[in-house]
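J.: Sequence:
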Amino acid sequence: MTMELNKYSRRVSHQVRIGNTIIGGCQPIATQSMTNTPTADTESSVEQVKRIAAAGAGIVRLTAQGRKEGENLENIMAALREDGCGAAIVADIHFVPEVASIAARYVDKVRINPGNYRTSNGELEALIAQCRERGVALRIGVNHGSLAKRIFDEWGDTPQGMVVSAMEFLRVCRREEFDQVVVSMKSSNTRVMVHAYRLLVEAMEAEGMTYPIHLGVTEAGNGIEGRIKSAVGIGALLADGIGDTIRVSLTEAPENEVPVAQMLCDHYSSREGEFTITHPERYHPTEFVRRSDITTPIIHTELDERFIVIEAHSQNPTAELRAAILSLEDEKQPVVVKCRYEQSDVVEVAVKAAADLGVLFLDGLADGIWVDAPNIPQQTVKDIELMILQAARVRFSHTEYIACPSCGRTLYDIEKTLADIKSRTSHLKNLKIGIMGCIVNGPGEMADADYGYVGAAAGRITLYKGREIVEKNIPQEEAIEHLIDLIKRNGDWQDPE
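What the sequence shown shows, in the numbering used here, is residues 4 to 500, in sequence order.
Keep in mind that a hint or two might mislead.
Below are the BS3-like pairs computed for lysine-lysine, each with C-alpha atoms no more than 30 Å apart in a straight line [stated by the list, open to error]:
#1 K341 / K10
#2 K475 / K419
#3 K491 / K468
#4 K419 / K491
#5 K468 / K152
#6 K475 / K425
#7 K71 / K53
#8 K475 / K491
#9 K71 / K475
#10 K435 / K475
#11 K385 / K432
#12 K435 / K425
#13 K435 / K385
#14 K432 / K475
#15 K71 / K10
#16 K419 / K71
#17 K341 / K432
#18 K152 / K71
#19 K385 / K419
#20 K419 / K432
Pair by pair, the computed Cβ-Cβ distance ranges are [claimed, not checked]:
#21 G159 / T122: 16 to 22 Å
#22 A57 / N493: 42 to 48 Å
#23 A57 / D495: 16 to 22 Å
#24 T122 / D416: 36 to 42 Å
#25 E308 / P380: 25 to 31 Å
#26 N124 / E208: 28 to 34 Å
#27 G276 / G59: 24 to 30 Å
#28 D495 / K385: 22 to 28 Å
#29 A422 / D495: 43 to 49 Å
#30 G87 / V292: 16 to 22 Å
Hints are computed from structural coordinates only; laboratory data are not their basis. Fair warning: this is a prediction, and the values are worked out from it, not measured in the lab. Glycine included, each C-beta is placed from N, C-alpha and C at the ideal position.
Working from the sequences, and respecting the hints, build out all of it.
T.: Structure below.
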């Protein structure tokens with residue numbers, strides 16, 4: 004992949020029009036979110052789209068899981084335009100390609116998952132022709148958790164498999180001379196997500212493709228942890244100059260996602276500085292290679308004489324620190340990376356530090372983290388440091404929740420359920436628990452979770468141990484107790500201290 008290791012340089016992409024919003028080219032990075040109302044409910048969907056747009060998102064996505072939802076997009080679009088809301092509207096399609104052609108009659112962009120399509124029967128070509136006729140954009144949205152069986156059988160759920168899936172569809176778009184296409188490579192695993200996007204850019208460059216890229220970490224969860232996890236994954240790619248539109252996926256009200264996304268966009272609006280690198284060959288952008296022999300990265304309060312501290316002072320701390328590490332004479336020297344943040348807002352410090360420093364752990368370059376934030380409590384600083392290391396998947400210090408952001412497909416109140424599960428299990432160590440609204444991406448995206456809680460039908464939950472179903476169709480009011488019993492039966496439970 005062609006990227007500037009020692010300075011910030013935005014990837015070149017061509018422009019794609021999505022309603023009144025243009026992404027790619029020299030356009031600012033656009034923010035977006037997704038409704039969690041039933042798309043068959045016109046009034047609630049319209050009101051939520053308007054709230055998301057008022058929060059600053061130029062693009063809003065709605066799920067259309069069936070014909071009824073697809074057809075109702077006509078009413079939603081009419082009501083939005085009548086109310087003067089000009090947000091670009093995207094239909095999110097899963098499982099039923101027929102619904103994509105219904106949605107394309109009304110919306111500004113259609114998102115399809117290659118895992119639900121075939122490239123051999125003309126479905127994609129027909130959709131492209133329909134999109135071209137109305138001026139509708141298309142997103143090829145690959146999800147780590149829902150690759151087509153034939154892709155999974157050959158490649159597994161790997162970044163390489165995700166790229167193979169995307170490139171098949173992009174080649175069809177190019178053959179049809181349709182360039183109003185955006186592509187995404189989402190995963191709840193930040194390392195998989197970052198490697199998949201970098202491999203995608205590499206593959207597109209090799210074939211002369213310049214499609215704009217949509218960034219996102221799926222199932223990031225909520226609160227400060229969800230914001231940090233999103234910032235680690237999205238920030239790593241923005242630092243590479245990759246990304247034309249972003250969505251921060253939080254298990255919260257959708258409008259809460261937009262300020263976080265905008266904070267990330269603003270953070271990368273200016274990345275000044277160019278730095279000398281002595282050993283660029285030591286950098287491995289698409290695989291995880293530990294630089295030193297330190298197996299468990301530290302936070303700053305654990306610093307000892309084995310480590311040297313490298314502090315950033317420029318407006319581009321990621322490139323500055325990366326260049327310094329890649330220029331060390333002793334390539335195995337353990338390094339603590341340090342950056343100062345003067346803000347007093349905890350979320351702002353957390354998001355910016357995660358974006359600046361998280362990538363250095365995703366790439367195996369750094370061995371310790373020091374967030375120098377004198378205007379927030381030091382215990383909070385330590386918590387932020389640990390959360391960044393966990394989001395970068397190099398040190399697990401508390402339960403990780405892989406929780407989807409909810410959408411019109413969600414079969415229960417996922418925000419309340421996540422809060423309830425956290426209140427009962429957050430004291431557990433080194434566990435991953437998936438809390439998923441439905442089966443669309445649920446079982447796949449939480450594939451590396453220890454336990455899974457997935458909506459199976461209205462008021463019914465299915466529990467997983469790893470990838471295996473353990474109990475089906477549990478009444479929702481009993482499901483959390485069943486989950487805790489499952490954790491206990493497998494020896495992973497500890498009583499709170």
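J.: A separate judgement is required for each hint: does it hold in the structure or not?
T.: Here's how the hints hold up against the structure:
1. Of the pairs offered as hints, the one joining K341 and K10 holds, with about 18 Å between alpha carbons and a cut-off of 30 Å not exceeded.
2. The suggested pairing of K475 with K419 holds, with an alpha-carbon distance near 21 Å, which does not exceed 30 Å.
3. A threshold of 30 Å between alpha carbons decides the hint, and for K491 with K468 the separation of about 12 Å falls inside it, so the pair holds.
4. As the CA atoms of K419 and K491 are separated by approximately 23 Å, the hinted pair is consistent with the 30 Å bound.
5. At most 30 Å may separate the alpha-carbon atoms for a hinted pair to count; K468 and K152 meet this at roughly 21 Å.
6. The suggested pairing of K475 with K425 holds, with an alpha-carbon distance near 22 Å, which does not exceed 30 Å.
7. Note on K71 and K53: the hinted pairing holds, with a Cα-Cα distance of about 22 Å set against a maximum of 30 Å.
8. A threshold of 30 Å between alpha carbons decides the hint, and for K475 with K491 the separation of about 18 Å falls inside it, so the pair holds.
9. A C-alpha spacing of about 27 Å is found between K71 and K475, which places the hinted pair at or below 30 Å, so the restraint holds.
10. Between K435 and K475, the direct Cα distance comes to roughly 20 Å. Compliance with the 30 Å bound is thereby established for this hinted pair.
11. Simply put, K385 and K432 have alpha-carbon atoms about 17 Å apart, close enough for the 30 Å limit, and the pair holds.
12. For the given pair, K435 sits about 11 Å from K425 by alpha-carbon distance, which is consistent with the 30 Å threshold.
13. A C-alpha spacing of about 21 Å is found between K435 and K385, which places the hinted pair at or below 30 Å, so the restraint holds.
14. Restraint check for K432 and K475: the C-alpha separation of about 26 Å stays at or below 30 Å, so the hint holds.
15. Using a Cα cut-off of 30 Å, the hinted pair K71 and K10 is violated, with the two alpha carbons roughly 49 Å apart.
16. A C-alpha spacing of about 28 Å is found between K419 and K71, which places the hinted pair at or below 30 Å, so the restraint holds.
17. A C-alpha spacing of about 27 Å is found between K341 and K432, which places the hinted pair at or below 30 Å, so the restraint holds.
18. Simply put, K152 and K71 have alpha-carbon atoms about 28 Å apart, close enough for the 30 Å limit, and the pair holds.
19. For the hint linking K385 to K419, the alpha-carbon distance of about 27 Å falls within 30 Å, and the restraint holds.
20. With a CA separation close to 22 Å, the supplied pair K419 and K432 stays within the 30 Å bound.
21. Checked against the hint of 16 to 22 Å, the pair G159 and T122 passes, with Cβ atoms roughly 20 Å apart.
22. For the hinted restraint 42 to 48 Å between A57 and N493, the CB-CB distance of approximately 46 Å keeps it satisfied.
23. Range check, A57 to D495: about 43 Å between beta-carbon atoms, so the 16 to 22 Å window is missed.
24. The beta-carbon spacing between T122 and D416, approximately 38 Å, falls within the hinted interval of 36 to 42 Å.
25. Distance hint check: the CB atoms of E308 and P380 are about 28 Å apart, consistent with the given range 25 to 31 Å.
26. At roughly 30 Å, the beta carbons of N124 and E208 sit within the given window of 28 to 34 Å.
27. Checked against the hint of 24 to 30 Å, the C-beta distance between G276 and G59 comes to roughly 28 Å, which is consistent with it.
28. Range check, D495 to K385: Cβ separation about 25 Å, and the 22 to 28 Å hint holds.
29. The hint said 43 to 49 Å for the Cβ distance between A422 and D495, and at roughly 21 Å that hint is violated.
30. Checked against the hint of 16 to 22 Å, the C-beta distance between G87 and V292 comes to roughly 53 Å, which is inconsistent with it.
Hints 15, 23, 29, 30 from the list above are not met by this structure, while the remaining hints are.
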